[in-house]
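Colleague: Spelled out, the chains give:
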Amino acid sequence: MKGDSMRWDPYLLKGGEEFGKFCNQYLGLGEKEILYVLGKGFDPRMCNGIEQLLYYGGKGKRDCLLIEFEEGEESSSHQYSPRAHRNLEKLHELMSGKGIIRRESVQMWSGDDIRKRRIGSFSAGNVMSKIENIDEYTDIVVDVSAMPQSIYFPLIGSCLSLIDERASHISLHIIVCENVMIDKRIIDDGIDDKAYYVHGFSSGLENEATEGIPKIWIPILGEGNSVKLERIYTLVSPDEICPVLPSPSANPRQGDDILLEYRELIFDQWRVEPKNIIYSSEQNPFEAYRQICRTVLHYEQALNPLGGCKFVISAVSSKLISLGALLATYELKRKGKSIGLAHIEAQGYTMQRDMSDFEANNELFTLSLSGSCYE
Amino acid sequence: MREPRNPFRMRSSEHIDSDSTFIRLFCPEGLDLLPQNKLWERVQIIRSAPGGGKTTLLRAFTPNVLNTLYESQSNEDYKMLFNKMKQLDVITEDGPNLLGIVLSCSRNYATLEDLDCNPVQKERLLYALLNARIILATLRNVLILKKMNYPNDLHRITFEINIDAFPADIETPCTGRQLYEWARSVEKSVSDIMDRFGPIERKPIQGHDTLFSLEMITPDHISIDGNPLKCRVLIMFDDVHQLSLNQRRKLIQTVIEARPVVSVWLAERLEALAPDELLASGVIAGREYERPINMEEYWRNVHNKRFEKAMIDIADRRARSARDIPIVSFDACLQESLDGAKWNQVFQQTIDTCEKRIMDKKGNSKKYDDWIRSKEIEEGTLRQQAIGWRTLEILIERDLNKSQLSFDFDNILSLDELEHRDNSSAQAAAELYLAEEFNIPYYYGISRVTSIASYNIEQFLDFSGELFEEIIASTLLKRQQSLDPSRQEAIQKKVAQQRWDDIIRRIPNGRGVQNFLLAIKDLANEEWDKGTASYGGGGGITGIGITMVDRDKMVKSDSNYQHAMYKNLNTILSLCISNHLLEVTLGLKQGGKSWMILYLNRWLCLQFGLPLQYGGWKSIKPKELINWVDKGYRLSDKNGGSLFDEG
Numbered sequence: 047m048k049g050d051s052m053r054w055d056p057y058l059l060k061g062g063e064e065f066g067k068f069c070n071q072y073l074g075l076g077e078k079e080i081l082y083v084l085g086k087g088f089d090p091r092m093c094n095g096i097e098q099l100l101y102y103g104g105k106g107k108r109d110c111l112l113i114e115f116e117e118g119e120e121s122s123s124h125q126y127s128p129r130a131h132r133n134l135e136k137l138h139e140l141m142s143g144k145g146i147i148r149r150e151s152v153q154m155w156s157g158d159d160i161r162k163r164r165i166g167s168f169s170a171g172n173v174m175s176k177i178e179n180i181d182e183y184t185d186i187v188v189d190v191s192a193m194p195q196s197i198y199f200p201l202i203g204s205c206l207s208l209i210d211e212r213a214s215h216i217s218l219h220i221i222v223c224e225n226v227m228i229d230k231r232i233i234d235d236g237i238d239d240k241a242y243y244v245h246g247f248s249s250g251l252e253n254e255a256t257e258g259i260p261k262i263w264i265p266i267l268g269e270g271n272s273v274k275l276e277r278i279y280t281l282v283s284p285d286e287i288c289p290v291l292p293s294p295s296a297n298p299r300q301g302d303d304i305l306l307e308y309r310e311l312i313f314d315q316w317r318v319e320p321k322n323i324i325y326s327s328e329q330n331p332f333e334a335y336r337q338i339c340r341t342v343l344h345y346e347q348a349l350n351p352l353g354g355c356k357f358v359i360s361a362v363s364s365k366l367i368s369l370g371a372l373l374a375t376y377e378l379k380r381k382g383k384s385i386g387l388a389h390i391e392a393q394g395y396t397m398q399r400d401m402s403d404f405e406a407n408n409e410l411f412t413l414s415l416s417g418s419c420y421e
Numbered sequence: 006m007r008e009p010r011n012p013f014r015m016r017s018s019e020h021i022d023s024d025s026t027f028i029r030l031f032c033p034e035g036l037d038l039l040p041q042n043k044l045w046e047r048v049q050i051i052r053s054a055p056g057g058g059k060t061t062l063l064r065a066f067t068p069n070v071l072n073t074l075y076e077s078q079s080n081e082d083y084k085m086l087f088n089k090m091k092q093l094d095v096i097t098e099d100g101p102n103l104l105g106i107v108l109s110c111s112r113n114y115a116t117l118e119d120l121d122c123n124p125v126q127k128e129r130l131l132y133a134l135l136n137a138r139i140i141l142a143t144l145r146n147v148l149i150l151k152k153m154n155y156p157n158d159l160h161r162i163t164f165e166i167n168i169d170a171f172p173a174d175i176e177t178p179c180t181g182r183q184l185y186e187w188a189r190s191v192e193k194s195v196s197d198i199m200d201r202f203g204p205i206e207r208k209p210i211q212g213h214d215t216l217f218s219l220e221m222i223t224p225d226h227i228s229i230d231g232n233p234l235k236c237r238v239l240i241m242f243d244d245v246h247q248l249s250l251n252q253r254r255k256l257i258q259t260v261i262e263a264r265p266v267v268s269v270w271l272a273e274r275l276e277a278l279a280p281d282e283l284l285a286s287g288v289i290a291g292r293e294y295e296r297p298i299n300m301e302e303y304w305r306n307v308h309n310k311r312f313e314k315a316m317i318d319i320a321d322r323r324a325r326s327a328r329d330i331p332i333v334s335f336d337a338c339l340q341e342s343l344d345g346a347k348w349n350q351v352f353q354q355t356i357d358t359c360e361k362r363i364m365d366k367k368g369n370s371k372k373y374d375d376w377i378r379s380k381e382i383e384e385g386t387l388r389q390q391a392i393g394w395r396t397l398e399i400l401i402e403r404d405l406n407k408s409q410l411s412f413d414f415d416n417i418l419s420l421d422e423l424e425h426r427d428n429s430s431a432q433a434a435a436e437l438y439l440a441e442e443f444n445i446p447y448y449y450g451i452s453r454v455t456s457i458a459s460y461n462i463e464q465f466l467d468f469s470g471e472l473f474e475e476i477i478a479s480t481l482l483k484r485q486q487s488l489d490p491s492r493q494e495a496i497q498k499k500v501a502q503q504r505w506d507d508i509i510r511r512i513p514n515g516r517g518v519q520n521f522l523l524a525i526k527d528l529a530n531e532e533w534d535k536g537t538a539s540y541g542g543g544g545g546i547t548g549i550g551i552t553m554v555d556r557d558k559m560v561k562s563d564s565n566y567q568h569a570m571y572k573n574l575n576t577i578l579s580l581c582i583s584n585h586l587l588e589v590t591l592g593l594k595q596g597g598k599s600w601m602i603l604y605l606n607r608w609l610c611l612q613f614g615l616p617l618q619y620g621g622w623k624s625i626k627p628k629e630l631i632n633w634v635d636k637g638y639r640l641s642d643k644n645g646g647s648l649f650d651e652g
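If you read the protein sequences in the order shown, they are chains A and B.
According to our numbering, the first sequence is numbered sequentially starting from 47.
According to our numbering, the second sequence is numbered sequentially starting from 6.
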């Protein structure tokens, strides 16, 4: 890393039992004016984070920014509207008498029925700029538990950008409720035909002026996403691929299982050299962030004398580890690297009728990205 | 990256890194679909379903490929491609004679539509981005064509431009370097506007009024080291379907109206077309542009054997490129015969069973005695005899049905009559009935593998790639290299099942699409189970027919009521056609009417256990199709079809 210090090193990540202890301690430090940003959805984990936060009390404002996804009439997710409604009722109950709930809708599509375009990422990148009184808050908490990647990537990116451009002292926290059992039971229903670069993270990667400069793709892999990977590959058309496998992970064989699942894709179609594979802890996004930053800097050192290179990061993995991809891309982009985030979206989701049996496995994590703990 | 273990897995051409590999794998027959007449003088639109080979075709005209081909002209493997390129005047004895520039529209153009600014500003930004990228791509490709270093040799290019629309912020004549810097800054400023968080800044948006770049990149305007660029220029816009509706319309209109001196090709997927265009196959042509090329349609219209030959060529080229095993011919690895000892016992059993069933059917009647006797003395392999007996059973079934209508039960049928009725359609159906009833493989051999591809190259590679995987494994395990028919069929069924499962993941409203296809399957099975195999082609239904009058009603529904009624049906049909699940044949004349036939893609025939031949279809009213979309096919409902409108 010679001379290139990393912004989130050291870092603040608390999960499991530590999550509650941290909330208790942090909220007891003094008055905290908190804006809690969460997505309205059917995911049973939607309110877990805010419930915990409110449970630990503390002084100061507790406002909520509820992001509603306008998915259009045809989304298969509508079949779960009753669940989303129950989640909303619970949120109102939790927030009752504690603060205001502001709603912002995010348009997911534009265009007509057949030739509609996905614009969720673009819309989400503009949400924070609509909050006029943002400076009244000491803390922004973004809970990504019920948000798709296409929303939380630009949303967090725009929060960081806002804080950095204004040299603000706002503390930005991310909350994720992890539960592999529930994740496995929420299944993509129809994958978009085309991957895209997340709004705010395309970095001119598609510019003709940089055509011909080698492109390195660093995908964080998770299970059951071969179609997504194929389509991101088509978008990126990389010259070199460095897949990231989760290891260590809760299931010690997960890395092997993923390789087995994608062997044809990785070794036959993409012809990846096994030595290019990177390993990163499943439950520590900051490790993924560090691994990606290191890989990028090593490639730059090697290829800069030959005209440089471009990087594309993507995460078809758990939400927690995907945040590592976001952090690395954000930081490296600010440092002037040619780096982008590629993503592809499902057109809807199907899920098992009753997931209450698995809710005991919910595990809350929080990452602090800016503010007092880094000052 | 390493050499491929299974070269069939290298799908789209942009993923084949080296140009020599590309040429080695490129099938020259693919060039035949280009019109021989006025190829370079008119705007050419090229369309296909995903995987049809558009990008591969365009890449064949790029400078790197042409240079590599020219340098390898003495190589026997490339001779045919070289000669075809010579015929097209793309390569001469002196070298490449074409500056081919591919510009992908899959880049971020559509994002411009979402910016918070007025339509005029969006249009100016679109033109600015296109102009910048066309100029940058031209500069890069000029240097590649002339084997110079990009971007170091940009100063050796000179542009002498004298056009009104050229922006005032760059002086001409200028060097390639100056033009590069200018175009790069234009491209960057537009990209930055698109990629920033929050609303765009309220300062005046720069941009361009027109697509002037098409006018400026003519050979007359470009010189290298003082020498004019003496070659034809071809701009190839790829993935035009990725533009927004407005942008696509604007680009096509601008290109056509500009009547550029340079040649322009526009390649897009069928999904670019609106439902009414799709159901009309987009067949509009004009003075300024050639009739669009539909790649699948081209292969369908030329003789079937030509597609098969081209696919065998593609397969052999890929098989020869495999890293671990020496295979010269792919089709030689697919066993074609069921005449071995292993199957004789099965065929003997089928003959006995068919004969017994025929005897049961005819009862005491002597009507078919001559026919039966002819089968008893028929020579040939046991397989041929089995097909003969099963064909006879079909013919008797047909005749018995007919007799019940005409009350003609006793006239003895002659051998001439048998010969007249014993056509290829009945024989083909007999083979499939036998396969179903006695668990004999049917979907095997190179001809059927190419049929299953339904004139789509990527689809062919999908199925053949899985077969090749097994061939590699067999070779490495030192087993027999060729695959027996049962194994071929099992592998292909597995691929079909994967594709079927993938519909939900890959296609919008995938479940609706599946339900509609299942309705066609139910209709086909209902007819097939009658045992008469009385439809064209392989005897069974593999498609549906809609009269052109009904089709017009569907696509040109004027009233809101009609529009709402057909909306879901048109959406499902559009998805099926653009994703190459249904193949359209327009204007077929039959029974005094003109028809639009929608055939199942042949891999769906494999999936549903239907014959692979085209020709068997049944007419369905749009009202019934709407029911299919909502509720699926109902076996008991006979309202949809009519007795006479059948192919």
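Any given hint could be a false lead.
Below, computed lysine-lysine pairings styled on DSS-like, alpha-carbon distance capped at 30 Å [to be verified]:
| id | chain 1 | residue 1 | chain 2 | residue 2 |
| --- | --- | --- | --- | --- |
| 1 | B | LYS561 | B | LYS255 |
| 2 | B | LYS43 | B | LYS314 |
| 3 | A | LYS240 | B | LYS43 |
| 4 | B | LYS193 | B | LYS255 |
| 5 | B | LYS193 | A | LYS162 |
| 6 | A | LYS261 | B | LYS151 |
| 7 | A | LYS176 | B | LYS347 |
| 8 | A | LYS383 | B | LYS127 |
| 9 | A | LYS381 | A | LYS261 |
| 10 | B | LYS347 | B | LYS498 |
To be clear, the hints were calculated from the coordinates, so they are not data collected in a lab.
Colleague: Next pair to validate is A/LYS261 with B/LYS151; report whether the Cα-Cα distance is within 30 Å.
Modeller: 25 Å, holds
Colleague: Does the alpha-carbon distance linking B/LYS561 and B/LYS255 stay inside the 30 Å limit?
Modeller: 23 Å, holds
Colleague: Would the pair B/LYS43 and B/LYS314 pass a check requiring their Cα atoms to be no farther apart than 30 Å?
Modeller: Cα-Cα ~27 Å, so holds.
Colleague: Mind checking the alpha carbons of B/LYS193 and B/LYS255 for me, to see if they're no more than 30 Å apart?
Modeller: Within the cut-off at roughly 23 Å; holds.
Colleague: Would you mind confirming whether the straight-line C-alpha gap from B/LYS347 to B/LYS498 stays at or under 30 Å?
Modeller: With a Cα-Cα distance of about 22 Å, the restraint between B/LYS347 and B/LYS498 holds, given a limit of 30 Å.
Colleague: Check the hint pairing A/LYS381 with A/LYS261 against an upper bound of 30 Å on the C-alpha distance.
Modeller: Holds: A/LYS381 and A/LYS261 sit about 18 Å apart, inside 30 Å.
Colleague: Is the hinted pair A/LYS383 and B/LYS127 satisfied, with a Cα-Cα distance of at most 30 Å?
Modeller: Answer holds: A/LYS383 to B/LYS127 is near 28 Å, not above 30 Å.
Colleague: Check whether the Cα positions of A/LYS240 and B/LYS43 lie no farther apart than 30 Å.
Modeller: Violated - the C-alpha atoms of B/LYS43 and A/LYS240 are around 34 Å apart, more than 30 Å.
Colleague: Starting from B/LYS193, check that the Cα of A/LYS162 is at most 30 Å away, please.
Modeller: 26 Å, holds
Colleague: CA of A/LYS176 to CA of B/LYS347, is that 30 Å or under?
Modeller: Violated. A/LYS176 to B/LYS347 sits at ~75 Å, over the 30 Å cutoff.
Violated hints, listed in ascending order, are 3, 7; each of the other numbered hints is respected by the structure.
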